[in-house]
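2 protein chains.
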Amino acid sequence: MVFRKRTRAGLAKEMFLGRINPIERREELAIEDAVGRILAEDIVSEVDVPDHRRSAMDGYAVFADDTTGASEASPALLVEGVDCMRVHTGSPVPDQMDAVVMIEDTLSAGDGGVVEVRSAVHPNKNVSLIGEDVSRGETVFLAGHQIRGCDVAMLAMLGIADVRVFARPRVAIIPTGSELVQRGGKIGDGKIRETNGLMVSLYVEQWGGIPDHRGIVIDDPDLIEKEILASLDAGSDAIILCGGTSVGARDYVPGAIASVGELLVHGVALSPGKPAALGIIDCAHSVPVLSLPGYPVACLIASIEFGRPAILKLGRVPAKPDLILRARLGSKIASRIGYVTYTRVLVDGGVAHPVMTSGAGILSSVTRSDGFVIIKEELEGLDCGDEVDVVWIE
Amino acid sequence: MVFRKRTRAGLAKEMFLGRINPIERREELAIEDAVGRILAEDIVSEVDVPDHRRSAMDGYAVFADDTTGASEASPALLVEGVDCMRVHTGSPVPDQMDAVVMIEDTLSAGDGGVVEVRSAVHPNKNVSLIGEDVSRGETVFLAGHQIRGCDVAMLAMLGIADVRVFARPRVAIIPTGSELVQRGGKIGDGKIRETNGLMVSLYVEQWGGIPDHRGIVIDDPDLIEKEILASLDAGSDAIILCGGTSVGARDYVPGAIASVGELLVHGVALSPGKPAALGIIDCAHSVPVLSLPGYPVACLIASIEFGRPAILKLGRVPAKPDLILRARLGSKIASRIGYVTYTRVLVDGGVAHPVMTSGAGILSSVTRSDGFVIIKEELEGLDCGDEVDVVWIE
Numbered sequence: 055m056v057f058r059k060r061t062r063a064g065l066a067k068e069m070f071l072g073r074i075n076p077i078e079r080r081e082e083l084a085i086e087d088a089v090g091r092i093l094a095e096d097i098v099s100e101v102d103v104p105d106h107r108r109s110a111m112d113g114y115a116v117f118a119d120d121t122t123g124a125s126e127a128s129p130a131l132l133v134e135g136v137d138c139m140r141v142h143t144g145s146p147v148p149d150q151m152d153a154v155v156m157i158e159d160t161l162s163a164g165d166g167g168v169v170e171v172r173s174a175v176h177p178n179k180n181v182s183l184i185g186e187d188v189s190r191g192e193t194v195f196l197a198g199h200q201i202r203g204c205d206v207a208m209l210a211m212l213g214i215a216d217v218r219v220f221a222r223p224r225v226a227i228i229p230t231g232s233e234l235v236q237r238g239g240k241i242g243d244g245k246i247r248e249t250n251g252l253m254v255s256l257y258v259e260q261w262g263g264i265p266d267h268r269g270i271v272i273d274d275p276d277l278i279e280k281e282i283l284a285s286l287d288a289g290s291d292a293i294i295l296c297g298g299t300s301v302g303a304r305d306y307v308p309g310a311i312a313s314v315g316e317l318l319v320h321g322v323a324l325s326p327g328k329p330a331a332l333g334i335i336d337c338a339h340s341v342p343v344l345s346l347p348g349y350p351v352a353c354l355i356a357s358i359e360f361g362r363p364a365i366l367k368l369g370r371v372p373a374k375p376d377l378i379l380r381a382r383l384g385s386k387i388a389s390r391i392g393y394v395t396y397t398r399v400l401v402d403g404g405v406a407h408p409v410m411t412s413g414a415g416i417l418s419s420v421t422r423s424d425g426f427v428i429i430k431e432e433l434e435g436l437d438c439g440d441e442v443d444v445v446w447i448e
Numbered sequence: 055m056v057f058r059k060r061t062r063a064g065l066a067k068e069m070f071l072g073r074i075n076p077i078e079r080r081e082e083l084a085i086e087d088a089v090g091r092i093l094a095e096d097i098v099s100e101v102d103v104p105d106h107r108r109s110a111m112d113g114y115a116v117f118a119d120d121t122t123g124a125s126e127a128s129p130a131l132l133v134e135g136v137d138c139m140r141v142h143t144g145s146p147v148p149d150q151m152d153a154v155v156m157i158e159d160t161l162s163a164g165d166g167g168v169v170e171v172r173s174a175v176h177p178n179k180n181v182s183l184i185g186e187d188v189s190r191g192e193t194v195f196l197a198g199h200q201i202r203g204c205d206v207a208m209l210a211m212l213g214i215a216d217v218r219v220f221a222r223p224r225v226a227i228i229p230t231g232s233e234l235v236q237r238g239g240k241i242g243d244g245k246i247r248e249t250n251g252l253m254v255s256l257y258v259e260q261w262g263g264i265p266d267h268r269g270i271v272i273d274d275p276d277l278i279e280k281e282i283l284a285s286l287d288a289g290s291d292a293i294i295l296c297g298g299t300s301v302g303a304r305d306y307v308p309g310a311i312a313s314v315g316e317l318l319v320h321g322v323a324l325s326p327g328k329p330a331a332l333g334i335i336d337c338a339h340s341v342p343v344l345s346l347p348g349y350p351v352a353c354l355i356a357s358i359e360f361g362r363p364a365i366l367k368l369g370r371v372p373a374k375p376d377l378i379l380r381a382r383l384g385s386k387i388a389s390r391i392g393y394v395t396y397t398r399v400l401v402d403g404g405v406a407h408p409v410m411t412s413g414a415g416i417l418s419s420v421t422r423s424d425g426f427v428i429i430k431e432e433l434e435g436l437d438c439g440d441e442v443d444v445v446w447i448e
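Going line by line, the protein sequences match chains H and U.
At position 261 of the first sequence the residue is numbered 315 (the working numbering), and the sequence of numbers has no breaks.
At position 25 of the second sequence the residue is numbered 79 (the working numbering), and the sequence of numbers has no breaks.
Just chain H, with the same shape it has in the complex:
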């Protein structure tokens, strides 16, 4: 029993993402809790920022006309409190004044006395005008924008306390396998601890989803089906199963997906990660189902390859650059043509040393690594000294 065919990783992703619809649910949040969230409304300013003319310098607010021709040799003499006013950076410019002379270009006899102005200024010089930053009626952010710390400060400046954002996708995580025991349970006798579901939950959270780690399901097709349906009933926006996805006698997950929905892909030209399966359950809306291999490295890599973009699309997270370090390969890496291959590497002094290309079951090959060098399917390995992008493991 082998895979009749393996779908190209890029094609599999395209088929999967093409069936995923971003979620529509919205919620209201205080701006200080909204970092990383996606705006569900355009933000139009109801105010001018600044809402008054501000001095951009420490100095004296003046009538620009009064300074015409002023110089060190022939200063303009202005009476403080009448012709000019002392101002500080950021402080309001009095209504009747129209420019600010820098303190360095003045000489004051003292409070209320005469100020010598030694430099001419034109109107609006060193004055921040009303609405210079944001003007009333201006669209400051569009719906779909991902809110950053600086954006929260801007929202606060506009006097906005709460914003409507899209809800985070709820992702059910179902570990399958009769050999699994809950963490804290007794291992031995062939039993092992459930760790893939834990790992996937943490990454789902990192990618902006809300993980719902459901109990372990043994290798039983009916129970697996039942748990998928229960996850749908619980309102999951996506379902991720770990284990039981290969072509062995106990691999019931792809069959269960096909039975309750549509199995799009089973078997992907991804290394590690070949047994991954992708499906859609079309109930009220189209719910993506990802079946991850039980081997931990394959599980992680298939999560990154398919789970991450699916959750980002559901959550409407705009594209941003990957965390990448440029390095040179410290030795040759082999890869199978037609397969997208994730090599684990350790980076030292700008050189990426391959830790392992195979060994889907050896999680320490990942935990000892800094990142992945992802070899494209059209390549047959990479040479020592090749310049590569190392995708940092987060």
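One should not assume that every hint holds.
Pairs involving identical chains hold if they fit within one copy or between any two copies, as the list cannot separate such chains.
Subject to a maximum C-alpha distance of 30 Å in a straight line, what follows is the list of computed DSS-like cross-link-like pairs (lysine-lysine) [what the hints assert, rightly or not]:
no., residue 1, residue 2
1, Lys367, Lys280
2, Lys430, Lys374
3, Lys59, Lys179
4, Lys179, Lys245
5, Lys179, Lys386
6, Lys374, Lys67
These aren't lab readings, by the way, just hints derived from the structure by calculation.
Chain H is already provided as a structure; the job is to place chain U on it using the hints.
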């Protein structure tokens, strides 16, 4: 009143970081809450992973010797349950067996019957050995390692439920300025909302610190000093002040730092961000104090330039790559030689379009941008078409 001299940005950072000691406080956390945290202990495995020999394939566990010479034409005939045992990927290999034949290379007459083995296997073929991933006594992580999702899965595999990590640095944030009102307060008449402290708090959290946003302090040197001392008493590992750092009559922060500690730098060749000041207060331990400009863009950029590395060093966060997008400049940018200059850019189709190089007070120049092109101090601007790294704004 101008800065007598401005310290080079790189030198200022070096002086500042050189006086910062990583924090020593530790705490114990459940592994599932430890993502992003820094291990304060080496992790040595007390178990073997796997702790039993596992089949790497679906098939039959056999005595390798029994398969010598087996082929399709002349299969070895083994009695199931005696000479061989059906195994699944990941399931234990019975003690008396030493290899696994893939299911594809066998033909079974049915339960308990004779199995035809059509391929020879050598000992340990398709068997994951005890300790293959991690062996008992092996150091799996060193203290100082930043915990990732995959590492949590590894810790769970090792049967570890809690880990000792370094505490997150506590960072006091003190907004100063007589013109400031708390969010929700009444503005107008030259009053503006406090937003810099809010913004800095959000970034401090993002960089791994625990922000302690303290109340607004008016422009009064005694009150500023008092609040710095109160922050020290509250156990702050770092203190960040916003505003009052220039050389105007109302800029009391650098003086207050000098009065209670040591002012290392005042005025930096950083644009925007020139008025920033850096200091250290040496009480029980050396507490860094960062005085940020009141203009929001200058405040943000000086935070990124000095606050971020200070918090990462305090928190012992290992270096990782920046979030960078490579692009070509869509137009020429001017910069002042000797100054590190942050240009805000919007990236579209691989082209970085400068939004603004100056305008330290215009926060919308940042909120409308995707990232910064950071121009080194030895350069005098960049040309249209130059390849640049855009540091993504998070």
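Hint check:
no.	hint	in the structure
1	Lys367 - Lys280	within (26 Å within a copy, 50 Å between copies)
2	Lys430 - Lys374	both (20 Å within a copy, 24 Å between copies)
3	Lys59 - Lys179	between (71 Å within a copy, 25 Å between copies)
4	Lys179 - Lys245	between (77 Å within a copy, 22 Å between copies)
5	Lys179 - Lys386	between (62 Å within a copy, 26 Å between copies)
6	Lys374 - Lys67	both (18 Å within a copy, 28 Å between copies)
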